[in-house]
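The hints should help you fit chain B onto chain A, whose structure is shown.
2 protein chains.
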Amino acid sequence: MADNNTLDRNETQDMISSAKVEGTAVYGRDGEKIGSIHHLMLGKRDGKVRHAVVSYGGFLGMGEDYFPLPWNELSYDEERSGYVVQRDADQLRGGPHYARDHEPVWDRAYEAQVTGYYA
Amino acid sequence: MADNNTLDRNETQDMISSAKVEGTAVYGRDGEKIGSIHHLMLGKRDGKVRHAVVSYGGFLGMGEDYFPLPWNELSYDEERSGYVVQRDADQLRGGPHYARDHEPVWDRAYEAQVTGYYA
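Protein chains in written order, with UniProt numbering: chain A, 1 to 119; chain B, 1 to 119.
Next up, chain A with everything else stripped away, as it sits in the complex (with noise of 0.2 Å):
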């Protein structure tokens, strides 16, 4: 992890800025790019991240689908300056996502299916 003189500004050896984390790019296992984090969704009452929804697909913004994932499917490297998850692409687009205007209701059913998935 980089020291005190290279930390980015909206970083620590410990936390990372929600702002730096959204847009950030995601890898699968074989160093193609599944797409990039487009927002997270936090448990209200512990403050936890649940799911890192990460964008996919689309032109100009229309035509994106999302998919979440698990936050500890998330490994940050430095290399690449984004996230990898390891998994393959394949696999990875096989997972529940959903259209934009197309959100589902996040409740635990459905928290439960993301996560079965990526058991």
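Any given hint might turn out to be false.
Which copy is meant is left open, so a pair is good if it fits within one copy or across any two.
Below, computed lysine to aspartate or glutamate pairings styled on DMTMM-like, alpha-carbon distance capped at 20 Å [as the list claims (entries may be wrong)]:
(1) K44 <-> D77
(2) K20 <-> E79
(3) K44 <-> E22
(4) K33 <-> E22
(5) K33 <-> E78
(6) K48 <-> D14
(7) K48 <-> E22
(8) K20 <-> D101
(9) K44 <-> E79
Calculated directly from the structure, the hints in this document are not laboratory data.
Bear in mind that the values here come from a model prediction, so they are computed numbers and not experimental data.
Frame of chain A, contents of chain B only:
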């Protein structure tokens, strides 16, 4: 909490989108607007929100100060469409803060300073 028929697309009974949290107004105990949430600081390993960084003051983005608050200081108030902190404005303004481009190193010492102030 809102039922499924009135759920905002970025919310659910259990979770909230980081994109929605960012920019939300923050009010003190007396109803005075403190500022708005600029971004969140997340623990990298556990993905837990350590601080909500509230921006306050300034004009057109200039001269703003940033005040980290522990996540558990915030309660969402449906009527105000914003977060309420059970502190007086003076107490909040006396808390740890920094100016734009003078971000602290987010190490354990700084985190302890923030947590200690709001203990």
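The hints, checked one at a time:
1. Taking the shortest Cα distances, K44 and D77 sit within 20 Å of each other only across copies (13 Å), while inside one copy they are farther apart (28 Å).
2. Taking CA atoms no more than 20 Å apart as the test, K20 paired with E79 passes inside one copy only; the shortest distance there is 16 Å, against 30 Å between copies.
3. For a Cα distance limit of 20 Å, the shortest separation of K44 from E22 qualifies both inside one copy, at 19 Å, and across copies, at 14 Å.
4. In the homo-oligomer, the alpha carbons of K33 and E22 lie at most 20 Å apart inside one protomer (15 Å), although the nearest pairing across protomers, at 26 Å, exceeds that limit.
5. Taking CA atoms no more than 20 Å apart as the test, K33 paired with E78 passes inside one copy only; the shortest distance there is 15 Å, against 39 Å between copies.
6. In this assembly of identical chains, the alpha carbons of K48 and D14 lie at most 20 Å apart whether taken from the same copy (15 Å) or from different copies (11 Å).
7. In this assembly of identical chains, the alpha carbons of K48 and E22 lie at most 20 Å apart whether taken from the same copy (16 Å) or from different copies (15 Å).
8. Proximity of K20 to D101 under the C-alpha cut-off of 20 Å is restricted to the inter-copy arrangement: shortest distance 15 Å between copies versus 24 Å within a copy.
9. For the identical chains of this complex, K44 and E79 are inter-copy neighbours only, at 17 Å across copies versus 33 Å inside a copy, given an alpha-carbon limit of 20 Å.
Checked against the numbered hints listed earlier, the structure breaks none of them; every hint is satisfied.
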